[in-house]
Amino acid sequence: MPIKVMLLEAAGPWLASRPDMKDLEQIVLPHGLMQLSADLKEHLGDKVQVAVRHSFGDYNSDQELAAELDRFDPDVVGIRGLHVYRKRFKELASLIKSRGKKTLLLAGGPFPTISPRQALQTGVDAVVIGEGDMVLPSLVQRLNDGKDFRDLPGIGYTHPGHGVVINPGRRFLQDMNALPFPDYDCLDLGRYERYLTYGYNRRRQGVILSSRGCPYRCAYCHNLFGSRFRPRSADSVVAEMKLLNLERGIKDFYFIDDGFNLDRTRVERFCSLLSKQDEQFNLYFANGLRADLLDTKLVDMLVEAGMVWVTYALETASNRLQRLIRKNLNLEKLKLVTEYTISKGVMVNLCFMIGLPSETKEEALSTLRFVKAIQGLVLPMFFTVKYYPNTDIFRIGLEHGLNLPKDDSAFDAPYHDIGHFGTPTLPAGEIRELYFRFLKEIFLSRPRLEQAMEIQGLHMTDQEILDMYSLLLRRRIRDVEKELIAVTK
Amino acid sequence: MSRELKKMEVEAIVEKFIKRGLMDGQGNFDLKADSPLVSTGLIDSAGLVLLLSLLEKKFDINFSVEELASAELDTLSSIVSFVNEKLNQHVS
Ligand code: B12
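Respectively, the protein sequence lines represent chains A and B.
Residue numbering for the first sequence follows numbering that gives the first Met the number 0, beginning at 0 and increasing consecutively.
Residue numbering for the second sequence follows numbering that gives the first Met the number 0, beginning at 0 and increasing consecutively.
In short, the hints are calculated from the structure, not lab data.
Please note that a few of the clues may not be correct.
[As the list claims (entries may be wrong)] When the alpha-carbon atoms are kept at most 30 Å apart in a straight line, the in silico DSS-like pairs for lysine-lysine are as follows: (1) 481(A) to 6(B); (2) 488(A) to 18(B); (3) 481(A) to 31(B); (4) 31(B) to 334(A); (5) 57(B) to 100(A); (6) 56(B) to 488(A); (7) 5(B) to 18(B); (8) 85(B) to 371(A); (9) 250(A) to 343(A); (10) 100(A) to 40(A); (11) 15(B) to 481(A); (12) 15(B) to 21(A); (13) 96(A) to 15(B); (14) 371(A) to 334(A); (15) 3(A) to 100(A); (16) 332(A) to 85(B); (17) 371(A) to 56(B); (18) 5(B) to 21(A); (19) 85(B) to 360(A); (20) 481(A) to 343(A); (21) 481(A) to 57(B); (22) 334(A) to 40(A); (23) 85(B) to 481(A).
Since this is a predicted model, take the numbers as computed values, not measurements.
Start from the sequences, fold in the hints, and give me the full structure.
In structure tokens:
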């Protein structure tokens, strides 16, 4: 009998706030779990059977999930989650434990990696800190052999006598090319087409991670994968895409790297490989490219290779704050590259943050002016800073007198959500005003909408555009011209 | 148009806007003057700004960003009186 492993993404409603809007939710393939499934199958072959499930996208209720647990009857369940879903984590842990079976319950991913002790309090048996690619297969092998696994590096658990034990010795993978391609057989790809992708369409999605690690030290990042950039080769990435296209008809690929373009030679090779092939893929750099490492030549190459969507992260137009958050972006370069990318008909998502430590109203307004001055942005995005414990920005915030609410609401809200969040230099009321200014003068400005629509029309169907604005405005839009363009100024 | 008529017109526009934004088959309910809209997710900040933009166009009025941000606009009646106040200023 093979060991049965269910890997479960802890998730819940996010941008589409009402239950009747669930079909508009953006649900990204649980890439980390698909990678772990491939790792398990590579190491254990037919000694293991894996199912990857999305606790929100795959079920309409926890009863449905419970029924599937009964059918599959896993020996091991591994939950992945972000901090924002830690309550969900606990609910899922209770649900699994309440089945009364001897299921080993593991936790991994961003929340358990950053806050292992808190994750252990959700009722799981053990946490896996950091990359699970080596540890999880060893762990399941030990189970298979009837051996204890609690001495493995990077494992955390509660010892009855000693309290929480966290084993040292975890290492990052050295050779990313040695990893098997993520497994698409462990889930029902078709189910994800009921929701929106990272590019606001319902097309069959491929999610690609072409590297791990990032040497930059941006103060707000959890930097899960360490500071050394560990790329896969361009050839391996393109081979994975071709295989997904051939076997599953996927043409739309979403890149989730922290630093896809940190190595220029690799990007050039990647582009030239894709440009040479007959089949045209759509590339979405949804998690962003670092704009000041690009230039017109490289943008041309990326467009030629199929780039239709790119996210650039401005964060702030203040050089002082760029230094404070250690992003140190070359703002002039970002502007030039963004404008050039737009001129090539690419959909550009430009993100910025408001509420940085010591940020003044004038500095925040300068960021809004910077964004407003760029014509043709498809998606300008207003974020409020989320102060996560264990990040440098949290510490810097405290040094600047930040007084966070005790209830964690400072980091639980979605991207733009303003809630009651404020800083000593930008009180909640000011942030609210900045958000309304953004909505009125930038996001819902008629010239921007018209320019955006022209570019979106090149890549998106009418229905996709309607779905995108329905999600962004959290209301069903049936006619962009009548309901958006005609009523804005 | 009398003030009362305008008020009714604003009310009708707001109600239609909110119901139209809901998913098909969801709009069959009685919108009460004081039922919470923003805090219940029936409408969100971006939707609110869109609605006010529609009213600005319709009645040829203008809300400043400061006015928008400082107003508590969580119910049909608060939105209607916010718009009405502007309309009255406009008339006088
Ligand atoms: C793609 C992405 C998104 C997508 C998809 C979200 C998702 N569910 O993953 C979108 C755009 C929706 C998104 C949004 C947000 N994101 Co995001 N996102 C990412 C990104 C870029 C890649 C995630 C990924 O797939 N990585 C690749 C896989 C291979 O990594 P992995 O899942 O961590 O898995 C590995 C290990 O962790 C481990 N592992 C994982 N699970 C398990 C389970 C078990 C049992 C075991 C043994 C091991 C294990 O093994 C895996 C293989 O090595 C990461 C950055 C990053 N570098 O990971 C940020 C990141 C996950 N996001 C982050 C944040 C903060 C957010 C937002 C909350 C932002 C906001 N304030 O609005 C929202 C939340 C949205 C939501 N509701 O889910 C933070 C999370 C911090 C935290 N501690 O929670 C990250 C880490 C960014 C950062 N560097 O700080 N995001």
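Results of checking the hints against the structure:
1. For the suggested pair residue 481(A) and residue 6(B), the alpha carbons sit about 24 Å apart, so the restraint of at most 30 Å is met.
2. The suggested pairing of residue 488(A) with residue 18(B) holds, with an alpha-carbon distance near 23 Å, which does not exceed 30 Å.
3. Between residue 481(A) and residue 31(B) the alpha-carbon distance is near 27 Å, which keeps this suggested pair within the 30 Å criterion.
4. A distance of roughly 48 Å separates the Cα atoms of residue 31(B) and residue 334(A); the hinted pair therefore is violated under the 30 Å criterion.
5. Proposed proximity of residue 57(B) and residue 100(A) is contradicted: the alpha carbons are some 63 Å apart, above 30 Å.
6. Taking the CA atoms of residue 56(B) and residue 488(A), the gap is about 8 Å. The hint holds against a cut of 30 Å.
7. Proximity of residue 5(B) to residue 18(B) is assessed by CA-CA distance (about 20 Å); at most 30 Å being required, the pair is judged to hold.
8. Between residue 85(B) and residue 371(A), the direct Cα distance comes to roughly 28 Å. Compliance with the 30 Å bound is thereby established for this hinted pair.
9. A hinted pair counts as satisfied when its Cα atoms are at most 30 Å apart, and residue 250(A) with residue 343(A) qualifies at roughly 20 Å.
10. A threshold of 30 Å between alpha carbons decides the hint, and for residue 100(A) with residue 40(A) the separation of about 24 Å falls inside it, so the pair holds.
11. For the hint pairing residue 15(B) with residue 481(A), the CA-to-CA distance comes to about 14 Å; that is within 30 Å, so the pair holds.
12. Distance restraint check for residue 15(B) and residue 21(A): the Cα-Cα separation of roughly 22 Å lies within the 30 Å cut-off, and the hinted pair is therefore satisfied.
13. With a C-alpha separation of about 47 Å, the suggested pairing of residue 96(A) with residue 15(B) is violated against the 30 Å cut-off.
14. Between residue 371(A) and residue 334(A), the direct Cα distance comes to roughly 11 Å. Compliance with the 30 Å bound is thereby established for this hinted pair.
15. Taken as a hint, the residue 3(A) and residue 100(A) pair is honoured in the structure, with Cα atoms around 13 Å apart against an allowance of 30 Å.
16. Proximity of residue 332(A) to residue 85(B) is assessed by CA-CA distance (about 44 Å); at most 30 Å being required, the pair is judged violated.
17. A distance of roughly 22 Å separates the Cα atoms of residue 371(A) and residue 56(B); the hinted pair therefore holds under the 30 Å criterion.
18. Note on residue 5(B) and residue 21(A): the hinted pairing is violated, with a Cα-Cα distance of about 36 Å set against a maximum of 30 Å.
19. For the hint linking residue 85(B) to residue 360(A), the alpha-carbon distance of about 27 Å falls within 30 Å, and the restraint holds.
20. Distance restraint check for residue 481(A) and residue 343(A): the Cα-Cα separation of roughly 28 Å lies within the 30 Å cut-off, and the hinted pair is therefore satisfied.
21. Taking the CA atoms of residue 481(A) and residue 57(B), the gap is near 13 Å; set against the 30 Å cutoff, the hint holds.
22. Restraint check for residue 334(A) and residue 40(A): not satisfied, since their Cα atoms lie roughly 45 Å apart, outside the 30 Å limit.
23. Proximity of residue 85(B) to residue 481(A) is assessed by CA-CA distance (about 25 Å); at most 30 Å being required, the pair is judged to hold.
Against the hints set out earlier in the document, violations occur for numbers 4, 5, 13, 16, 18 and 22.
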